[in-house]
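Asker: Sequence order for the protein chains is A and B. Residue numbers for the first sequence follow our numbering, beginning at 1 and rising by one. Residue numbers for the second sequence follow our numbering, beginning at 1 and rising by one.
Treat the hints as calculated values from the structure; they're not laboratory data. Be aware that one or more of the hints could be misleading.
Sample of chain B residues lacking proximity to chain A, with all beta carbon distances greater than 10 Å (derived) [unchecked claim]:
1. I73
2. L74
3. L84
4. T91
5. S94
6. D104
7. G138
8. F233
Heads up, simulated DMTMM-like pairs for lysine to aspartate or glutamate below, C-alpha to C-alpha not over 25 Å straight-line [claimed, not checked]:
9. A:K94 - B:E160
10. A:K94 - A:D110
11. A:K97 - B:E155
12. B:K207 - A:E78
13. B:K142 - B:E155
14. B:K207 - A:D110
15. A:K54 - A:E145
16. B:K207 - A:D98
17. A:K54 - B:E160
18. B:K163 - A:D86
Beta carbons are placed, not taken as given, at the ideal position from N, Cα and C, and that holds for glycine.
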Amino acid sequence: MSLLTVSGLTLKMQKRTILDQIEFTIQPGQIVTLIGPNGAGKSSLIRCILGLQKYQKGNVTIQPGARIGYMPQKMHVEQSLPITVDRFLSLGPKSSKDDRLAALQRVSVDHIAESPLQTISGGEQQRVLLARAILNKPQLMILDEPAQGVDINGQAELYQLVQSIRDELGCGVLMVSHDLHLVMAATDQVLCLNHHICCSGHPDEVTRSDEYISIFGPQKIHPMLAHYTHHHDHTHDLHGDCQHEGHPSDQTMAKSHSHTEGQKHA
Amino acid sequence: MPEFMLYALLGGLGIALMAGPLGCFVVWRKMAYFGDTLAHSALLGIALGLLLEINLMLAVTAGCVLLATSLVILHSRTIAMDTLLGIMSHTTLSLGLLVTAMMDDVRIDLMAYLFGDLLSVEPFDLYWIAALSVIIIGLLVKLWQGLLSITLQPELAAAEGYKVQWLQWILMIMIAVVIALAMKIVGILLITSLLIIPPAIARVLSKSPEQMAVIATLFGMLAVCSGLAGSWFMDLPAGPAIVTSAGMMFLITHSLVRLIQGQQN
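In isolation and in its complexed conformation, chain B is listed as follows (with noise of 0.2 Å):
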């Protein structure tokens, strides 16, 4: 296995560790429009990143941070949360698409960066892949109780002495990071389906909160296997095989479970 294959593979575990219990989240939360609106506004960020010469993994990173902050401070009740995410998202799109066009000297493949290029994951980003996991999880499983709580019942958690709104933006910054470090493996259009297919999948398969997190995990890294075996095999695009590879496993788990469902009644 060639060198550029192993780091995909390494980066795109590390991501479906992540995104597992993150997406899990995003599906409970009602939040896939939050996360195509980070991803979209990842352009933005590598358009900057490229135009003041920084690691464009980290100016995404940074520049998805700075967005989900920004969502919890504009939110208000006169807005509604979708149309804010709407404005956001088409608005940072379209700002890193003219920031592009206007860079001259600088040529860039927009359809690596929208669907995922395999060859761009360096050493660099596996070991940012590999930090941040461990932080990230280590957080989730430091606030899982807090986390859980206000999803169920925000109200409750608030009067049992959750600090809510700081849960929530943790939450949406973890969410934010994972966005970012998906981008080189899945691309920007097909990051959310990473942190929403696996989750879903797990729904049907699931008794705890805890299970389902495990099983999208699992679910995850198994569409990430699949789709860069495709890639590796049958010269696939990565992104789009790891996300097929994902909803081929929603259809069949989904039709199984009905299927065992119908034979019990």
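If we strip away everything but chain A, and leave its shape as in the complex, we get (with noise of 0.2 Å):
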């Protein structure tokens, strides 16, 4: 049986459609993206899978028992409420002192454990949100932009991250995203989303499907590619300075992050 199984969920909000028929299965140990432009209905299918939005056809299905992870988009934290990071934590699911240390340690921040909330980066506080996600131990983790507002290089860590966490869980992972060059080589399936689910498959097949270039365009694709070999190549550490794995030329590697540049202006 699949972790969680999405069967013809149609959403209507004042009489506009969101979400078209989708259907789709997360099976454990598979990451799937889900990729669309602003407005597709992303996090709107999100929040039906997790029961926050009511839907008007469709089924969702979730393995019986399954824990589930979840870390929404970035959180505001009222400056008028004082809380420590670790406090923050403990609002989740059942957890003593210790599961909850371990966790921030698996995602690197377990020295801001006393840290107030408020104190904390950008992205601190995506790693934060990551961990009180992964406490339970989840069979299903599910997370809405997890690299939101976080640099380029703290991207591809945290994308690197999604996926050592799935090979220790051994969970299925949603993971929605707005582009989808930073995430391919997390990824084991891609939706591209747009109302309906356009396309579908290996991230490599579907960066060359006629939908998804109706959708974000052609000249998108090389830099991608590009930018995939080059994940395949190095990781950036805390520092930002690269750490080789491969034996890439450095011409490459030049190449490939001029590519990023002018994507990213595109």
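Using the hints, build the complex out of the two chains.
Answerer: In structure tokens, the structure reads:
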């Protein structure tokens, strides 16, 4: 049985069709990335799956008893509420102090456990939210734009982190992302959403499909593919230094970097 | 100490006990205007209570609870919450004034309701305050995690299984009850300050939400004691005396904290 099965899901809001006949499944250990332009219904789909949004037609079936870890989009923390990172985590699934420290350690932010939630950086905040999502050792993780507001190096790191957590827990992952190029390496399947699922499959296939190109434009294919290989070549550590794993020539790297720059301005 | 003074003191302390933690949520969730709206509607409750000849505190409590509920129901995407609150606040206040104006045979002392009247606190009110303090503190302890969760991140709380709307409604009802109970002691126009000032003092002194709730309660109680003392020894009106002493404490603590932080830097 699949971990998550979505079939014929249709959502209408104020007579507009937000989601149209959505079908897909997630298996244990599989990372599925949902991409699509702004307003494509990505967050609505997540809300339907989590049971936060009523929909008109279709079914969402989650394997009975499966633990779910959810990471919302960026969080606004009210200044008037004094709270430490550790206390914030303790509001989530039942956990001991050691569990929480272990979760923070897993996402490499254990040094801020006792810091006020308001004083941590955007990247740290995303990691804290991720720590809260893995606190109950979930079988299904649902991450809504986990890398939002994080710089490019940080994003790549975060996606690698998601991938390695998946490897450890063997959980299925549904992840939302704006664009594909950074997530590609960490994804088994891509669903391209624009109210309906316009194409799906392995990241390589999707980027070559006509539907994908019609939404994201052809000019983005090459930089993305370049970036894809680039991310298999090396990683960035916390200080942003390159750590080479393969044998890329300096020339290729320079090229892929310039492509990323170009894409950012496009 | 005369009996009425003892009643006022006990009643005031009971209210401060509830207002501390609930006031924290008012501050965290930016609900000050909500408090004002409920307070303004209290006059309508008083008028209707006099008209129907039922206990005023019961009438006001019922009125506030009803208003809080109707706010939840009327709340929609097309009208912003502050607009809705503005409409309800002034409509209910005006309606209250109209009803009182139409009652020829009853003379009511508006000033007493607007600014509080210690002499009006009766033993029955005290039982009422005691019973509701127990219920509200019990509810707060039981629902604390959930209330904090929906305040920090409602989406996450909902995904983790908390009933967000139900918790919001319970919170509003509890605030409505405290406002209704505090009416006799501090008065309609000053109630919100009792909810806001003690948490605002506590904020700079606390590192956790629980600490803030406890410190706010203590400062609320201190304000009630010093205000009533001022009323007793200097013949000041009680409501304004309580609120003024809370305001002074706010100024003093914030100045001191600034001063200490300034020296550290």
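Asker: Sort out which numbered hints this structure fails and list those numbers smallest first.
Answerer: none
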